[in-house]
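Peer 1: Letter by letter, the chains look like this.
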Amino acid sequence: MSATHDAPDESGVTRAEYCALACAEVFRGDGEVMASAFGTAPAIGARLARLTFAPDLVLTDGDAALVDGAPAIGAALSSLVVESHMPYRRVFDVVWSGRRNLIMMASQIDRTGNQNISAIGDWARPKAQLVGVRGAPGNTLNHSTSYWVPNHSPRSFVEQVDVVSGVGYQRAASAGPAATRYHEIRRVVSNLGVFDFETPDRVMRLRSVHPGVTVEEIVEATGFDLAVPSVVPETRLPTPLEIDLIRTVIDPRGLRDREIR
Amino acid sequence: MADKRLSLDELVGELRSGMSIGIGGWGSRRKPMAAVRAILRSDLTDLTIVSYGGPDVGLLCSAGKVAKVIFGFVTLDSIPTDPHFKVARQTGSIDCMEIDEGMFYLGLLAASHRVPFLPTRAGLGSDVLRNNPSLRMITSPYDDAEELVAMPALRLDAALIHVNRADATGSGQILGPDPFFDELFLGAAERRYMTTERIIDTDQFAAEGPLQTMCISRLLTDGVIETPGGAHFTACVHDYGRDEEFQRAYVSAAADPDAWATFRQRYLEVDEPDYQAATQEAPSERAGQLAGDAKEREVAK
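Heads up: the protein sequence lines correspond to chains A and B, in order.
Be aware that the first sequence starts at 1, since it is given in our numbering, and climbs by one per residue.
Be aware that the second sequence starts at 1, since it is given in our numbering, and climbs by one per residue.
Isolated chain B, as found in the complex:
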């Protein structure tokens, strides 16, 4: 069987500017953040990001990587909105396709099943249709003749997901309560990448959790990358919860250019092991440092 293990650099090396990239997870939960950070360090640009959006979308917008976002929401869950996404929208620096989150699901499902669209009521009468003039309607060919939205397939050039456990051949295990739509992101994509907390031997899956946690088959993956803490600071339930304090620091840093420069320098302009080391610092120390640095800069001005 093929060994699908890759490094983060190899993963980014397989991506190209201009690609349409789907990102698994939901809001600020089980996002492939190590892969997102690797993209931030790359020279990739002009991306279309397709996401049940969280800080993945905000961070990529903050670094000017994004041409367009396809979304139903962008939220940090415990904080309603992402500050960088807000700025990107309010300055008009990105294109958008904003759709109902169920339409989003059907778009991924249609792409997975290789059909051009799936019909739905969702969208009818709302501004989703008005703001996306490319969306078309379909009339039922049966006697009801209902006129429904034809949600087009959301075909992806690449998909990135993060799971709790995987093996070297690309099977994945999700130990948290919700697999979200990760399987469909993979199904909708040409190139499929899965980061994981830990690569284990295939015969160890059963000891980690019941059959229904083994929900990503190797039929759906091309590359698997071991990234412990790879969903941080989003939640990766079973292994860790959301780092709320870090998320608050992310949001408050975004409000101030100096604080953001410090945040970037400490957490984003470093490789993944250094990022993980930096986040291991005591939370109070970490927050104190950020505040302290901002204050020092303030004084220096």
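The following block holds chain A by itself, in its conformation from the complex:
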């Protein structure tokens, strides 16, 4: 690949900042829902959305509380302003009520939006045991779910995931109306571009390329037949306010630059 990921483009915005911005866009129009964000770019994105175009968003401390404002990434738990108690048992009340928008990570993601965090290889005796399905099966059926994949390659964007943890469009459809009723895979954000499933047959489509990346690079780094529109826009440029918030308020320690390799 020719793009150097950490290098600023002409406007001085880094790839990590485009990724954070693309994650923030996932929360646009959401109103008062709990934003859960795993990974650095999603965590920055949720805070950026909260501070700008999605002011009613409810943020978590990543532990057992909902917090006011948009605390800096890596801030001590004790420094946060708590607005509500949110232990795990109560998280399920939120998940199953649908009042949540989630960006989680994916070790593998496929063409119809299935995600895998369980195991690589045959489930019965995997080549590599990963963390486990966690809440992915239930999350994907109950509220909007998006994915963050910081290492876009044919190994992460695969034709078919090894263990369906998060449920994609085709699997949900074949499981029936109870599965599709609240199912939405909104976006996939990678270090190379932004993707959605806004195609007639609900397969993954290239939505935008991050500045400095070509469509060809993305197609080459994707292990399945990606839907590519005739015109692919670039991921939008952050506003001066947005870039200032990212750099000085949300991530002053620059943790975003450690995530994008």
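Worth flagging that the hints you see were computed from the coordinates, not collected in a lab.
This one's a predicted model, so the numbers in the text were calculated from it and none came from an experiment.
A virtual CB, placed ideally from N, CA and C, is assigned to each residue, including glycine.
Any given hint could be a false lead.
Here are the simulated lysine-lysine pairs, DSS-like style, with alpha carbons at most 30 Å apart [stated by the list, open to error]: (1) A:K127 x B:K68; (2) B:K86 x A:K127; (3) B:K86 x B:K68; (4) B:K65 x B:K86; (5) B:K65 x A:K127.
Chain A regions said to be covered by chain B (calculated; three or more residues, Cβ under 8 Å) [stated by the list, open to error]: (6) 31-44; (7) 55-65; (8) 155-165.
Which chain B residues face chain A? A few, computed with CB under 7 Å, are given here [what the hints assert, rightly or not]: (9) V12; (10) D46; (11) D77; (12) P80; (13) T81; (14) E98; (15) P119; (16) G123; (17) S134; (18) L135; (19) E147; (20) G209.
Position chain B relative to chain A; hints supplied.
Peer 2: Chain B alone, transformed into the frame defined by chain A:
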């Protein structure tokens, strides 16, 4: 009122091989590790472990105690996976029921409420159903006729939890931010055991924390065991955080048979007071010793 105080040995004496044992906590947080270590020293085997898994699952797998694990994840939190659980899975040495963590909650709740199952969307369309052919579906008897997963009750022979404070009659107090699902593990089990940092008089609970921290009633416990440091090396917030350095030493020792033998000898083949004493050593000294021992063995080879 009954005095429910037990020793760790008495607790292990009430368990049997082949039992289904639920373990409270979450990941590498507030795990009843002293009880787990006591099981490691016992001749119990063939256990089914039901856990929001952390190093409890890994350690029990490492000692060949486990026939089956029921889990939604096994993680050390600050380290994504447990090395011993990985090996157990990748060598196929254990059976598994891997389910969504919400299904897990409903399974415990169903067992607590003595109903055979609870309905949920979680699992539909995922490989959880494919990999667990024993899971069945239920059609809503109402007009919607939705077809949902019937998550079966996860009935337990025994449950183990660890709390910050308890009294001798088996009431417990959790002073950290999250009670997790400990109450439901107890509710789902035939025999219920609670280890605690400190046994205090009942009238001292109020001085330790507000009413909602007193979340384990004696209706739910059969035995209470005082084990200071009993969640180490997992986090027991309010009393101590996770011992990250020790956890890293655990993970790196697991990668090397010699280092693991040293780790086992120093920390697992000793009784609980000696374990606690060994972990009191200065962290740098402790890590240095482990590395040094491994190096010595390397040279000896």
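Peer 1: Each of the hints needs a verdict: does it hold here or not?
Peer 2: A quick look at each hint next to the structure:
1. Only pairs whose Cα atoms come within 30 Å are accepted, and K127 of chain A paired with K68 of chain B is accepted, the gap being roughly 19 Å.
2. At roughly 10 Å between alpha-carbon atoms, K86 of chain B and K127 of chain A fall within 30 Å of each other, so this suggested pair holds.
3. Straight-line distance between C-alpha atoms of K86 of chain B and K68 of chain B comes to about 14 Å, which keeps the hinted pair within the 30 Å bound.
4. At roughly 15 Å between alpha-carbon atoms, K65 of chain B and K86 of chain B fall within 30 Å of each other, so this suggested pair holds.
5. Using a Cα cut-off of 30 Å, the hinted pair K65 of chain B and K127 of chain A holds, with the two alpha carbons roughly 23 Å apart.
6. For the stretch 31-44 of chain A, the assignment as covered by chain B is violated, since 0 residues bring a beta-carbon within under 8 Å of that chain's beta-carbons and 3 are needed.
7. With 3 residues having a Cβ less than 8 Å from any Cβ of chain B, the stretch 55-65 of chain A passes the three-residue criterion, so the hint holds.
8. Counting residues of the stretch 155-165 of chain A whose C-beta sits closer than 8 Å to any C-beta of chain B gives 3, which meets the bar of three, so the coverage hint holds.
9. Proximity of V12 of chain B to chain A is violated relative to the hint, the smallest CB-CB distance being about 28 Å (cut-off 7 Å).
10. Hint status for D46 of chain B: violated, given a least beta-carbon distance of 20 Å to chain A, over 7 Å.
11. Residue-level restraint check for D77 of chain B is violated (minimum Cβ-Cβ distance to chain A is 10 Å; threshold 7 Å).
12. A cut of 7 Å between beta carbons decides the hint on P80 of chain B: the least distance to chain A is about 5 Å, and the hint holds.
13. Proximity of T81 of chain B to chain A holds as hinted, the smallest CB-CB distance being about 6 Å (cut-off 7 Å).
14. For E98 of chain B, the interface hint holds, since its Cβ comes within 7 Å of a Cβ in chain A; the closest pair sits about 6 Å apart.
15. Residue-level restraint check for P119 of chain B is violated (minimum Cβ-Cβ distance to chain A is 9 Å; threshold 7 Å).
16. With a least beta-carbon distance of about 5 Å to chain A, the hint placing G123 of chain B at the interface is held under the 7 Å criterion.
17. Taking 7 Å as the C-beta cut-off, the interface hint given for S134 of chain B is violated, the closest approach to chain A being about 15 Å.
18. Among the interface hints, the one on L135 of chain B is violated; its C-beta lies about 11 Å from the nearest C-beta in chain A, farther than the 7 Å criterion.
19. Taken as an interface hint, E147 of chain B checks out: its beta carbon lies about 5 Å from the nearest beta carbon of chain A, inside 7 Å.
20. Look at G209 of chain B: its Cβ only gets to about 13 Å from chain A, farther than 7 Å, so that hint breaks.
Hint violations for this structure: numbers 6, 9, 10, 11, 15, 17, 18, 20, all remaining hints satisfied.
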